[in-house]
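J.: Those sequence lines, one after another, are chains Z and F. Just so we're aligned, residue 8 is where the first sequence starts under the numbering used here, counting upward by one. Just so we're aligned, residue 8 is where the second sequence starts under the numbering used here, counting upward by one.
Keep in mind that a hint or two might mislead.
Copies of the same chain are indistinguishable here, so a pair counts whether it falls within one copy or spans any two.
Restricting the straight-line Cα-Cα distance to at most 30 Å, the calculated cross-link-like pairs of lysine-lysine (DSBU-like) are [claimed, not checked]:
| no. | residue 1 | residue 2 |
| --- | --- | --- |
| 1 | Lys132 | Lys361 |
| 2 | Lys105 | Lys71 |
| 3 | Lys466 | Lys633 |
| 4 | Lys361 | Lys206 |
| 5 | Lys129 | Lys71 |
| 6 | Lys129 | Lys361 |
| 7 | Lys466 | Lys297 |
| 8 | Lys706 | Lys361 |
| 9 | Lys649 | Lys633 |
| 10 | Lys206 | Lys534 |
| 11 | Lys601 | Lys555 |
| 12 | Lys223 | Lys466 |
| 13 | Lys193 | Lys584 |
| 14 | Lys253 | Lys289 |
| 15 | Lys601 | Lys649 |
| 16 | Lys297 | Lys193 |
| 17 | Lys193 | Lys289 |
| 18 | Lys238 | Lys206 |
Calculated from the structure, these hints are not laboratory results.
Protein chains: 2
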Amino acid sequence: MPPSHIKTREQLDPIFNPTSVAVVGATSTAGTVPYDIFANLMRDKFQGMIFPVSPGNRSIDGVKTYKYVKDIEDPVDLAILVFPNTVCSRALEQCGQKGIKGAIVISAGFKETGPEGIEREKQLKAIADQYGISFIGPNCLGVINTDPSVRLDASFARAMPDEGPIGFLSQSGALCTAVLDYARSKHIGFSKFVSFGNKADISEIDLLYYLKDDPKTQVILIYLEEISDGKALMQAARDIISETGKPILALKSGRTSQGAAAAASHTGSLAGSDNVCDAALKQAGIIRCKTIDEMFHIAMAMAYQPLPRGNRVAIVTNAGGPGVLTTDAAIEEGLELANFSEETTEKFKRALPKTANIHNPVDVIGDARADRYNAAVTAVLADDNVDGALVILTPQSMTDIEQIADEISALGHQSDKPVYASFMGEADVASGIDILLRRHIPHYTVPEAMCRSFARALKFRQECESPATPAAPYTDFSHAKAQAALGQASGDGRNLLRPEEISAVLTAYGLPLVRDRVAASADEAAKWASELGFPVVMKVMSDQITHKVDVGGVVLNIESAGEARSAYDRIMANAAKNCPNATVRGVLVQRMMKGGEEVILGIKRDPSFGAVVMFGLGGTFVEIFKDVSFRVAPIDPAEVHKMIRQIRAYPILNGARGRVCRDLAAVEDCIQRLTCLALDCPEIKELDLNPLFVFEEGKGCYVGDARIMI
Amino acid sequence: MPPSHIKTREQLDPIFNPTSVAVVGATSTAGTVPYDIFANLMRDKFQGMIFPVSPGNRSIDGVKTYKYVKDIEDPVDLAILVFPNTVCSRALEQCGQKGIKGAIVISAGFKETGPEGIEREKQLKAIADQYGISFIGPNCLGVINTDPSVRLDASFARAMPDEGPIGFLSQSGALCTAVLDYARSKHIGFSKFVSFGNKADISEIDLLYYLKDDPKTQVILIYLEEISDGKALMQAARDIISETGKPILALKSGRTSQGAAAAASHTGSLAGSDNVCDAALKQAGIIRCKTIDEMFHIAMAMAYQPLPRGNRVAIVTNAGGPGVLTTDAAIEEGLELANFSEETTEKFKRALPKTANIHNPVDVIGDARADRYNAAVTAVLADDNVDGALVILTPQSMTDIEQIADEISALGHQSDKPVYASFMGEADVASGIDILLRRHIPHYTVPEAMCRSFARALKFRQECESPATPAAPYTDFSHAKAQAALGQASGDGRNLLRPEEISAVLTAYGLPLVRDRVAASADEAAKWASELGFPVVMKVMSDQITHKVDVGGVVLNIESAGEARSAYDRIMANAAKNCPNATVRGVLVQRMMKGGEEVILGIKRDPSFGAVVMFGLGGTFVEIFKDVSFRVAPIDPAEVHKMIRQIRAYPILNGARGRVCRDLAAVEDCIQRLTCLALDCPEIKELDLNPLFVFEEGKGCYVGDARIMI
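This is chain Z alone, in the form it adopts within the complex:
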């Protein structure tokens, strides 16, 4: 179920499936946007009625124009606004008065241009709300619906794309023109194509839910420059994938801080951390791509061929060198070369010349013609040990390229296993590639892209098929106790919690604390130390002393009651000497944990995604290598499992090279508890458990030190 504030199908249908369209602000001057929009609607054979509204023309290209929207006799579903930005609001108001419920505001000069534009955009939105209009834009290229019963090209693109299973959403209008051009020559078809611009009213989230229920859309592509509501995006992705199995591919620019700055000056939005964004998209099942090329490479594979069921590929080639390059690429993408069955090997022996290499990669030899390719590809597709075929061709003088393309295309559509191809070269192989693409066999110029696409498609299938693992609900939390401790600090106007408050909060959520007591005298210190068991560590307690070690406020490795007594005195003396103005509230005596591996857990708040949990191995690994993993709360248990195993230093926790296997189940439990705490107490801005000592399997983990900021 989409969230309640999401635009309904009824609200968006006037935009995507109108029976009548008004082009408000049309002109007859070719080469201008107001003309191109009108001309595109006409050229691409919109199946409804088109009404140009133009104060200055009586007709455009033979079609009667109207001075005002209200002059149109028929009801109008969709208004496309191409007026200068200064008069858009008034025009939209007239659309409202006419009863039009959908609009596309093409005009630029709004939020993206500064304070004046922001004001104009607010006005536009207010009028839309007043009249119950839903609109796309402003500052966009427009909307295309290729459905033959609609054929709406409400854009100033150069040409309408083919019909196809891909829904495309873009925050950048200019990028759309490049994408349409690229896709057309690759015979990649679209269901809906939307440039959503400043999204003053209809957002990418609304559009995602619309595509979710659009039967013509099988794969969703989205280009984003900023993510304004990360949580909603994640929810939409999860709803789409779990309910419909449609994959979502995202290209998010602004990966680097400079890129983000360029995006900000371009879209006027602030960027969050790209690490968090990356983790969040993956967590929601979105396939993040680094380039437009990569996005379409993967989209082609997912839209037009079955998803692979496993990673065992068969490579069929007419050239050894490219076979080797493809093998390298496959292995680097985590694929395996299939071991052929005896039956397949026998088939090869019958069909291929003696000099052919009948092991994987199968080399059908440079003089191979279509019959040999056909025999080899047929054989590998029939082999139970093979999950997909990667067909390589180099243009030798006797290669019948088009015939081979034709037969491979046929085989690709007869089989329930994916077939991808790479015809290497350019002009000589162009006609062959065109045949493959027209017949929807994914084609790649280089084997690396082919293998990556296979691997991504496989991963998506595996993720879809892995059973959901709902978190077991915790029943031992005491929100009230945590709230009390947090309230105490905020009541005092402190933004850092005291040790006893931290203990209260963590204990309320069942996080494993090292046992401790507060001592007010040397004798008490000795008593508590003996009670807790040696060795202990002792730390000064004072709101004013933040760097305890630096002022001699911490003593480690205390092994006896006598040592505890003298440690107390030393700590108090150091505090008095080094921090004469600090109020010391006693000395914390804590059981000292030995032999645990130190990990770090943290919570921070991302402006777009909300509560984010961080995990890493302590010390060098976090400090120097930034070897940490992120997840956005709430976290599925399977994701908690993954986030621990995703850091590079994971083998250290997992018994590598004679090490002890650590109690990772206990760490997973801590992450779950911490996540609940973060969600229940939004006043916590930051929280670190550093270190969390992790003991060997079955022996748990303990919070060594913690910091909570509100």
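On the provided structure of chain Z, position chain F as indicated by the hints.
T.: Same frame as chain Z, now just chain F:
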């Protein structure tokens, strides 16, 4: 100077610049290799005489044939053998008798097919040597020389490439056909194009030296499936780069072990470690590429545009989104966005509309035509803060794509700074791209490839310009002493050296050892320990005990003479109990080093590259992360410097986060000494210094433990 065994210019000229060519084994059957070779020579207008030798035809395509080579009346420079492999030797013999000095053996069925083929190939080589013939092949596509005064297309490629500055060498014939096709449509021209096949006589090393002195060749590309003589390859690369400044780009397949296995089954050669290969190629200044695409992307930039002088790029775009994507890509490749001078900013203000973004990336806005692009690109190229221009274009409805391509091409050739372009899309921008490529402006479909090419070209220039740092010669080595210790072990038939032998070898090369003595009694142990200074560590000495710790043969942290005495007794007792059959030669008493960071240095022998030095941070980093760097001996001091700084864990040695800066100069000295040892004593198969303790700057480093295998 090339090594003495390298083929001379005189030996190779008959192949590349012949005045007369015999096609030995030509036939008149179109669509066969023996015909295609002859037909290609004719079609591509060879500037000398062509003599088909064909036992079965009187003429081919109107040209008179000869039954035997000896029947040709004129002298012949080059023979191209296209006979079946079984008769090639006899044909080559006849060529020798005729006095022909150059040959290309196209025919396959030699080394690559097994024992029989290996024998045939040996025979071929023997005959060539007997008659002083130099030949390329067998099992190759042939040779092309585009020089207008020669125009030799001695290949069965589909078409002759354009003339141009790129020399291309390939171990795979089939890959050549794809490369030629690819290059043709991108207007990439070649000087020489060689498929060298099994290299029974002329090797890639010979060819590299030939291209070094070829005035038509400015950039060298090589595709390799195995590297048979890594040292020679490195030497050739160094000679080429230092003497001529020609860049060398290499594509080496078999990166993964499965890829290497596929290559082996295809070329019949064994693969070394790809890590070593990768390090070696870089060390020699070779630019290693991962894909054919990448190789040509970089080659285009280096062949046709000036090398960048710095990393400050200006991005000029007509679309915000692609500008952001390009910014991301530039930053990720280590480039910077140039800060424009005030003058440039003023120029922008005059030439661009108000809505344009005049900061980098410069957005000339979607409706920009050629005049605006021209103004922006001219301005950035004139700015001293800019090292190169990256021009992005998306096809908007008013974009005059061809005009823009034309003007950018002109600007690119007027400036001494590089100009690269990315016209995004496909069909709409195709004619513009074609103009760019014809006029040799490097064009990239995606900004990532553009930025990577810029970065690689820059790095090459920087490496060429960085002054050579010859190693200061060491004078304190005693090769004789090392030899004596090694001789002792080999005399005893041991392949592992004893501690005292290891000490002798390392001391002979000035490697810093921790002070130690051998104790034969508990009293002696106490005496040596007191003399060395506490703490000490004691270790059992026995050829039979390899895992000393496991049998209780090591005691650490000995702080007094008494402790030393009892440690001696304990070690001897443990040895007697746990290894009753071992001969114990005493107990080693060693000063125990504290507070050093542990690193590892090692030597191993690569079958192709020879002595390889390895460096890494000790413990987890080497064991789990394989975080090590390699260099092939001898190593330039600048490379020693780099290899330490290249490991991921380098910040740990360099004072990151409050750590101590370690004495890396001392480590560099150790690496140099170890390298000399490896080169002087080839009998050392493996050597590890593990750990080498590195103290803070100026305080040196000490070998904690070492292992030498002969």
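J.: Next, verify each hint and record whether it holds.
T.: Hints, one by one, checked against the model:
Only between protomers do Lys132 and Lys361 lie at most 30 Å apart by alpha-carbon distance; the minimum there is 26 Å, versus 73 Å within a single protomer. Taking the shortest Cα distances, Lys105 and Lys71 sit within 30 Å of each other inside one copy (19 Å), while across copies they are farther apart (88 Å). Taking the shortest Cα distances, Lys466 and Lys633 sit within 30 Å of each other both inside one copy (26 Å) and across copies (27 Å). Taking identical chains as interchangeable, the C-alpha atoms of Lys361 and Lys206 lie at most 30 Å apart only when they sit on different chains, with a minimum of 23 Å there against 63 Å within one chain.
In this assembly of identical chains, Lys129 and Lys71 lie within 30 Å of each other by CA distance neither inside one copy nor across copies; the values are 33 Å within and 86 Å between. Proximity of Lys129 and Lys361 under a CA criterion of 30 Å is satisfied inter-copy only: 23 Å between copies versus 75 Å inside one chain copy. With identical chains, the CA atoms of Lys466 and Lys297 are at most 30 Å apart both within one copy (17 Å) and between copies (24 Å). For a Cα distance limit of 30 Å, the shortest separation of Lys706 from Lys361 qualifies neither inside one copy, at 62 Å, nor across copies, at 67 Å.
In this homomeric assembly, Lys649 and Lys633 come within 30 Å of each other (Cα to Cα) both inside a single copy, at 18 Å, and across copies, at 22 Å. Taking identical chains as interchangeable, the C-alpha atoms of Lys206 and Lys534 are never at most 30 Å apart, the minima being 66 Å within one chain and 84 Å between chains. For the identical chains of this complex, Lys601 and Lys555 are neighbours both inside a copy (21 Å) and across copies (27 Å), given an alpha-carbon limit of 30 Å. Taking the shortest Cα distances, Lys223 and Lys466 sit within 30 Å of each other inside one copy (24 Å), while across copies they are farther apart (49 Å).
With identical chains, the CA atoms of Lys193 and Lys584 are never at most 30 Å apart, being 76 Å at best within one copy and 76 Å at best between copies. With identical chains, the CA atoms of Lys253 and Lys289 are at most 30 Å apart within one copy only, with a shortest distance of 15 Å there and 44 Å across copies. Taking identical chains as interchangeable, the C-alpha atoms of Lys601 and Lys649 lie at most 30 Å apart only when both belong to the same chain, with a minimum of 27 Å there against 38 Å between chains. Taking CA atoms no more than 30 Å apart as the test, Lys297 paired with Lys193 passes in both settings, with 20 Å inside one copy and 25 Å between copies.
Within a single copy, Lys193 and Lys289 get their C-alpha atoms as close as 28 Å, which meets the 30 Å cut-off; across copies the closest is 37 Å, which misses it. Taking the shortest alpha-carbon separations for Lys238 and Lys206, only the intra-copy value of 17 Å comes in at or below 30 Å, while the best inter-copy value is 61 Å.
Hint compliance for this structure: hints 5, 8, 10 and 13 are broken, all remaining hints hold.
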